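Position chain S against the provided structure of chain D, taking the given hints into account.
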Amino acid sequence: DKKQNSPQSYRLAPVKSVEAVDDTTLKIQTKQPFPTLLYELGQVQIVQNNAVLIGEKITKPIGTGPYRFSEWRKDDRVILEANPNYWTGAPKFKRIVFRIIPETSTRVNELKAGTVDVVKNLLPSHIKELQNDKNFKIYSVPSVRLMYLGFRVDNQGIPLKVRQAIAHAIDREALTKYILEGQATPATTLVSPSAFGFHDSLKPFPYDVEKAKQMIKDAGAVGRKVRFDSTSGKYIGDVEVAKALAEMMEKIGLQIDLQTLEYGSYLKNVNEKPEAYLFAWGQPSPDADAALYRNFHSSNKPRMRYSNPLVDKLLDEGRSTLDKGKRLAAYKQVQEILKEDTVWIPLYFLNFTAGVRANVEGVQVMSNEKIWLDKAYSKE
Amino acid sequence: MTLRYLLSRLASSGLTLLLLSAVIFVLVRVSGDPVAIMLPSDSPPDVVAAFRSSFGLDRPVLVQYVHYLGNALRGDLGTSLKYSEPVLSLVLERLPATFSLGFAALVISLLFAVPLGILAAVYRGRWVDRIVTVIPLVGQSFPVFWIGIMLALLFSVKLRWLPVSGYGKTQHLILPAFTLGIYFTARLSRLITSSMVESLRKDYIRTARAKGLPPWSVIIKHAFRNSMVSVVTMTGMQLAALLGGAVVTETVFAWPGIGRLVIQAVYNRDYPLIQASVLIMAALVILINLLVDACYVLIDPRIQEA
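In order, the protein sequences belong to chains D and S. Residues in the first sequence are numbered consecutively from 649, following our numbering. Residues in the second sequence are numbered consecutively from 14, following our numbering.
Isolated chain D, as found in the complex (with noise of 0.2 Å):
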């Protein structure tokens, strides 16, 4: 409904209409072929008629799904009882309840002291300390989080050739294996390998410090300063990583100015500033459309001032046809046009973690960041 003005609609712009026609059966018409309509229903919210009609804010929300909603208590918890009418079963703990705990330490110390069952997002060092104790499981999954180095590509930007050289120098399993402790997967493309589309036989620049500096020097960009930004605790060893980048970036023959910001201040300075910057990407859907087509066509007007006619008429071409084939092609295409223009430089996949009470089983870690709880129960 155009009307709510949501910011979620441009998500659906393809569709036509949409017509109820029975209890259970739902026809939807697109203006064109949507290849990625069932994902991008996936990511927007089914909610009250009624509510909406009348713009009440929704705060008892609806669902089918294998528990309900029962409470909410702002900034503390979400209590959500089991759906005894589920469709493949009524789960096995009655109630869930999610508990706000910002402190990471905090959410650690209540899964050690055994008022929680299950903690998300640790650390590298909590994780450790947790491999090591037999009351605990940990799950670790490479998620579709990518970290990347993303640039200004416009004539105000950094050059092509310094961006490539910067390519070289970068250590991926440095940053992985020593900063973030195994806690991420090395990147080689853009899209994630859990995702169609993904270019499997596509490799990043080669580590390669010394055609970095050579790169440099043919570019006449020794000593050329480069302001380079970074979130400041937003994601897991972001500050770190940062640092890692800023030294491999100097060894080249570059004088960076590394500013490691609060998000608010950051996404000021990468929107209306950009030059370097590290940033992720979490990729809302397993196809590379949700990858490639809001950050690279041109239409988007991406902060990198990027723009590039075969790339747009690429990903244009990946979103208007079902054949998987023509699909493919086109994402593989795209994803080498990106590596040699070094538009963002793909670094790794953050791990998604969570520690889990030895006696829960059933816990589901998914890599799109989300915890399945409905096959979950107690061994006690």
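To be clear, the hints were calculated from the coordinates, so they are not data collected in a lab. It should be emphasised that the depicted structure is a prediction, and the values quoted were computed from it without experimental measurement. Virtual Cβ for every residue (Gly too), placed ideally from N, Cα, C. Possibly wrong hints are sitting among the right ones.
[Unchecked claim] With a cut-off of at most 27 Å between alpha-carbon atoms, the simulated DSS-like pairs for lysine-lysine come out as follows:
id	chain 1	residue 1	chain 2	residue 2
1	S	Lys95	D	Lys1027
2	S	Lys171	D	Lys782
3	D	Lys972	D	Lys961
4	D	Lys782	D	Lys1027
5	S	Lys171	D	Lys768
6	D	Lys949	D	Lys776
7	D	Lys861	D	Lys891
8	D	Lys776	D	Lys740
9	S	Lys95	D	Lys921
10	D	Lys708	S	Lys182
11	D	Lys768	D	Lys782
12	D	Lys785	D	Lys882
13	D	Lys722	S	Lys182
14	D	Lys882	S	Lys95
15	S	Lys95	D	Lys708
16	S	Lys182	D	Lys916
17	D	Lys742	S	Lys95
18	S	Lys182	D	Lys768
19	D	Lys949	S	Lys95
20	D	Lys809	D	Lys740
21	D	Lys899	D	Lys825
[Claimed, not checked] Derived coverage of chain S by chain D (criterion: at least 3 residues anywhere in the stretch with Cβ under 8 Å from a Cβ of chain D; other residues may be distant):
id	segment
22	28 to 34
23	159 to 173
Just chain S now, kept in the frame of chain D:
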């Protein structure tokens, strides 16, 4: 405290709050764009523009301020950009948690700081003084964050006597209140010691002893009472700081107080919530200062209003 004095203080407080509202209104808008934080980074430019317009953020700052002031004078401080709820109710919801933590921490700090400070002053230079001085030194040297985590490790994880974090029962209050209380005990006890040392040197104390008054009477009724002006000042300042929100303690113990609300509002650039929180906290500080002034008159009748 006369009615005239009270009215003049209220008038100057009103002016202070008005000036503060203008300063905060401009400063938050310079700090960053809330829409960039609220929407996904891949949102199309027209969606971003429409979203900004829906909050009135595309209008000139002066127009926004006049609109805000008009509503504020009618008791409407605006709607949170993030929570879509009236900011006044969001802040008021947090006040019970903030007050309970603040007052509990203050009571704990007074219970420890007063006897420690007096002991250190009375036994100045002796082993009692040395032992007592170490306690505030420890309290001030270690970060509040660390003290909180250590207390939780000992009393919650190891001993299982108290909950690690949370809100709702009296047990939840104990660790965060002690964490903050330890920190403020350190500051307050040193102030009491130095005030008491000065008082104990005065001639009227020598006279009181010469008259044969019992030691407790000399120390408490005479020396401590005359040190109380600075103690009341510091206590007022600490209470104001506590009611402003103990962000670190609230974060460590997942305590839903005003400190966490404000810091989240700042991170989100939730302009109306930041403005309302700062104004309400400023009003509380003004009220506390008024109460402190009233206490001065009670403690020392020589203190008159200017």
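(request) Return the numbers of the hints above that this structure violates; sort them in rising order. (result) 1, 6, 8, 16, 17, 20 and 22
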